[in-house]
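> Residues per chain, in single letters:
Protein chains: 4
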Amino acid sequence: MTDTTWKTAITEIKPNEVRLRGYRIDELMGEITYAQAIFLALKGELPTKGVAKLLDAMLVSSIDHGATPPSTIAARTAVSTGAPLNAALAAGILSINRYHGAAIYDCMGVLEEGLHLVKEAGKDMETIAVELLAEYREKKIRIAGFGHRIHTSDPRTARLFSLAEELGVAGEGVAMMMAIQKAFHESGKDLPINVDGAIAALLIDLKMPRELANAFFIMARVPGLVTHIHEEQTRERPMRRIHPSDHTYDGPAPRDLS
Amino acid sequence: MTDTTWKTAITEIKPNEVRLRGYRIDELMGEITYAQAIFLALKGELPTKGVAKLLDAMLVSSIDHGATPPSTIAARTAVSTGAPLNAALAAGILSINRYHGAAIYDCMGVLEEGLHLVKEAGKDMETIAVELLAEYREKKIRIAGFGHRIHTSDPRTARLFSLAEELGVAGEGVAMMMAIQKAFHESGKDLPINVDGAIAALLIDLKMPRELANAFFIMARVPGLVTHIHEEQTRERPMRRIHPSDHTYDGPAPRDLS
Amino acid sequence: MTDTTWKTAITEIKPNEVRLRGYRIDELMGEITYAQAIFLALKGELPTKGVAKLLDAMLVSSIDHGATPPSTIAARTAVSTGAPLNAALAAGILSINRYHGAAIYDCMGVLEEGLHLVKEAGKDMETIAVELLAEYREKKIRIAGFGHRIHTSDPRTARLFSLAEELGVAGEGVAMMMAIQKAFHESGKDLPINVDGAIAALLIDLKMPRELANAFFIMARVPGLVTHIHEEQTRERPMRRIHPSDHTYDGPAPRDLS
Amino acid sequence: MTDTTWKTAITEIKPNEVRLRGYRIDELMGEITYAQAIFLALKGELPTKGVAKLLDAMLVSSIDHGATPPSTIAARTAVSTGAPLNAALAAGILSINRYHGAAIYDCMGVLEEGLHLVKEAGKDMETIAVELLAEYREKKIRIAGFGHRIHTSDPRTARLFSLAEELGVAGEGVAMMMAIQKAFHESGKDLPINVDGAIAALLIDLKMPRELANAFFIMARVPGLVTHIHEEQTRERPMRRIHPSDHTYDGPAPRDLS
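Heads up: the protein sequence lines correspond to chains C, A, V and D, in order. When we follow the working numbering, the leftmost residue of the first sequence carries the number 1, and every step to the right adds one. When we follow the working numbering, the leftmost residue of the second sequence carries the number 259, and every step to the right adds one. When we follow the working numbering, the leftmost residue of the third sequence carries the number 517, and every step to the right adds one. When we follow the working numbering, the leftmost residue of the fourth sequence carries the number 775, and every step to the right adds one.
No wet-lab data here; the hints were simulated from the structure. As the structure is a computational prediction, the values presented were derived from the model and not from experiment. Check each hint, because a few of them may be wrong.
Within a straight-line C-alpha distance of at most 20 Å, the following computed EDC-like cross-link-like pairs (lysine to aspartate or glutamate) qualify [to be verified]:
(1) C:Lys43 to C:Glu31
(2) C:Lys43 to A:Glu489
(3) V:Lys559 to D:Asp1024
(4) V:Lys523 to D:Glu912
(5) C:Lys182 to C:Glu165
(6) D:Lys956 to D:Glu946
(7) A:Lys465 to A:Glu430
(8) C:Lys7 to A:Glu393
(9) V:Lys530 to D:Asp1024
(10) A:Lys265 to C:Glu231
(11) D:Lys897 to D:Glu960
(12) C:Lys43 to C:Glu112
(13) C:Lys189 to C:Glu135
(14) D:Lys956 to D:Glu912
(15) A:Lys301 to C:Glu236
(16) C:Lys14 to A:Asp504
(17) A:Lys301 to C:Asp256
(18) A:Lys272 to C:Asp246
(19) A:Lys381 to A:Glu393
(20) C:Lys43 to A:Glu494
(21) D:Lys781 to V:Asp766
(22) C:Lys140 to C:Asp190
(23) A:Lys272 to C:Asp250
(24) D:Lys817 to V:Asp721
If you want a taste of the chain V side facing chain C, the calculated C-beta under 10 Å gives, among others [stated by the list, open to error]:
(25) Pro600
(26) Ala603
(27) Ala606
(28) Leu610
(29) Gly767
(30) Pro770
(31) Ser774
Cβ atoms here follow ideal geometry from the backbone N, Cα and C, with glycine treated the same way.
In isolation and in its complexed conformation, chain C is listed as follows:
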């Protein structure tokens, strides 16, 4: 049925040969990290060494954020009824939406709007940032990527930005983000850039399409969800009522990389 023939540019399968975006997968194995392979799959090309290292740091930054997020609670609730791991993971992923995990997407939108205006209007970033702030305040829309329920200074942001600087990856995305933070400061409001805002700025500088923003958060969080599902399966009795915040940590004590 020739009318149903379709094309894909991702992976080519032949007998005894699997090629991802043109590269033999067995040649990639041992040569690139999983994070590099993710970039290759999504973008079609291998990242530079600097981008590769930053990608690992970005994915590590969001791998887990404790037992409170709704995606974690949904996954634990599902597995607590006896769901297999993949179904519980699906329930968790289905709970990553506009109000949880989407800040990267929303913040990329603000940054893209800002950078577009910089080019269009021929003004500098700081001026545009002040104008953006006024615009959003008038529309009564919160600018995503700033502020955090728990952290007054998000430790992941500082690390991501210093790494990006060091690795030569920081560009106009990071610069625009900093300009907005400065505009907040000047308006009398000191707001931390949260990890989602930091990732948004970096995805701009990595030229990642905005519609993959949430995918980035989801990919990073999957192992965290799997770990919570496994902990629920091995540590708790089935069908318990899972209070979303009434829990305490009893894992390894604070320790440092030696």
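Go by the hints and put chains A, V and D onto chain C.
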């Protein structure tokens, strides 16, 4: 409500401090790869350098296998109706079950049985492998991890096993797997160890609990599914009828890492 | 923790007493149909006898539409890999979105817009219908609820509208829909009102909130999906490649009631 | 591609004709209830009048059980993050598993075992029931379908059984269930038959295949989940922490069918 208080040993969240299994996440960022963080989350301890490198290769090996697997078809079918990315990904993950993606789990079971018998019966691996083969033949159960629809010699297996050898990670899991392959050969049947069988053997040597076997496959495949979803969204018209095998590859031509 | 206390107005549970919207569920059992209970749950009040009968017909009309729709294909694809019934059903439901199953929602929007304009502008429905058609043609948006891939005259629409008339339920929703169809006709285009368009018109007349439009389609289709999942489980081998249209019907021959 | 041709016996689609199990769907509309159509879809034949009425009562009995069940909490958690209705519903359905909603399946297994033994051993139900109880007590397996967290006498069970009697549908399934309850009583334990146990007994008498047991619960509960999702969407702020039991009912006051 003290009766609902519960405990978690994964991540500790304090203001301006996020610790994964005791380590500050901002200290981990830039120091360990994403694959290492996955191991840390799941197992509670950092992997050795050799294990870390092998983990990256294992995750790379299974990141995608083209457009034909049912998880890919389900994800594409969902997104083709206008599903958001997370819902399409969930549909894909829900299609990873006993007959697709579970060979790692099943094969780990065979290997654990074999290794248990080696210890119990005081016989060597080759003898046990021959006995296992006879047992499974009698029960008419296929031994998972051997044979492949498309590959007569799975290129990913050879690479994983040579890396494991080189990195000093290969142990009794790999040895038992080779013993079973030898027993097949001696019974007149030359079957390739497929990538799932190779990963099963390595997960034994990494002391990963068997109930995380499928999780490993799912984690590895998530970025591949995301890439197919994104390709479907950006390249195809909505509501097309998706024939699961009538497609051709039109991506980058074969190329080598230079 | 008083800050987490919340309220629900749906079902009250006490020892030996379950009340849905105030009514004892054991009193409802045997007195109302399942369709009436659905209405009571969603709207908070029991339907009239006429509405009750129409609801049953509406739910029957959409219970299944064969093996081709993407929700059916996704559910079959998932179960074919060994998914449990609930996971396969979830995969099917995740494939009901903007381009499949959402016509009811979209069409209700058009009807609400038309009826709003009738009230605002003080014009009659036929005039407004002609204006709406022109507006949508200019915006190049297809008006949902008209036309069908397969049916040139949707048999379910005629039956729903005659029942609604007979039961005294047809109101301005149906009238507006007919006015739009007339406007199409006068513009030289004879388009059938499909079952989704008919349901949209009736949901307007039932004063069902528009955000439950898709829910209505999903609720109606769940038993159809379950039936396909069960057929796949009991009739097909696992991991087959499921061509979305290359199937034939071999069930009971055409037959009539009585 | 003839090798992919497959068959389905559920619905036949021709231009302007949709037939469910052989019947024109527009002929069914207005003549049968939705519950009857569900039976027709699943079993391939129309139910008798008595079975039809009982089916409605069975589906009504399980349409909702308040805000506490994990499926409800998972659906509310997902929608609270901004999930669309179908994704939240999927999260809810994924939380119906072995420990929540599966009692019907488990109880049908016990009843089938008991009825099989009655035929095999030529003993009467009461004797077999006593033997079953002893067997399960020894294996330390709870017999599903008895006892309830909240209800000491489940009002839905009494109603279902009296309706089944009245409609002439009660058969060996109900009889076996009563025999087991009597055996419990004689062993000094008075346990109520819960609604799942009652449905299990009736599904035996309806000759519904056991693998559709959970499907029955899921189908019945879908409208309840939809109602909770809609209430969460319209009544609560996004991203609230949803305590699974700290809620109160504020819906319509107790009222009777007049």
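> Evaluate each hint against the coordinates.
Hint check:
1. C:Lys43 to C:Glu31: Within the cut-off at roughly 18 Å; holds.
2. C:Lys43 to A:Glu489: Holds: C:Lys43 and A:Glu489 sit about 11 Å apart, inside 20 Å.
3. V:Lys559 to D:Asp1024: This hinted pair holds, its Cα atoms lying about 15 Å apart.
4. V:Lys523 to D:Glu912: violated, 44 Å
5. C:Lys182 to C:Glu165: Since the Cα atoms of C:Lys182 and C:Glu165 sit roughly 18 Å apart, the hinted pair holds (cutoff 20 Å).
6. D:Lys956 to D:Glu946: holds, 15 Å
7. A:Lys465 to A:Glu430: holds, 11 Å
8. C:Lys7 to A:Glu393: Distance of about 44 Å is beyond 20 Å: violated.
9. V:Lys530 to D:Asp1024: The given pair, whose Cα atoms are some 14 Å apart, holds under the 20 Å limit.
10. A:Lys265 to C:Glu231: Judged against 20 Å, a Cα distance of about 10 Å means the pair holds.
11. D:Lys897 to D:Glu960: holds, 18 Å
12. C:Lys43 to C:Glu112: holds, 19 Å
13. C:Lys189 to C:Glu135: holds, 16 Å
14. D:Lys956 to D:Glu912: The hint holds at about 19 Å.
15. A:Lys301 to C:Glu236: holds, 18 Å
16. C:Lys14 to A:Asp504: Measuring from Cα to Cα gives roughly 14 Å; hence the hint holds.
17. A:Lys301 to C:Asp256: holds, 17 Å
18. A:Lys272 to C:Asp246: holds, 14 Å
19. A:Lys381 to A:Glu393: holds, 16 Å
20. C:Lys43 to A:Glu494: holds, 18 Å
21. D:Lys781 to V:Asp766: holds, 6 Å
22. C:Lys140 to C:Asp190: Within the cut-off at roughly 18 Å; holds.
23. A:Lys272 to C:Asp250: Since the Cα atoms of A:Lys272 and C:Asp250 sit roughly 14 Å apart, the hinted pair holds (cutoff 20 Å).
24. D:Lys817 to V:Asp721: Since the Cα atoms of D:Lys817 and V:Asp721 sit roughly 33 Å apart, the hinted pair is violated (cutoff 20 Å).
25. Pro600: holds, 7 Å
26. Ala603: holds, 5 Å
27. Ala606: With Cβ-Cβ at 7 Å, under 10 Å, it holds.
28. Leu610: holds, 8 Å
29. Gly767: violated, 24 Å
30. Pro770: violated, 28 Å
31. Ser774: Constraint on V:Ser774 not satisfied, violated at 41 Å.
The structure shown violates the earlier hints numbered 4, 8, 24, 29, 30 and 31.
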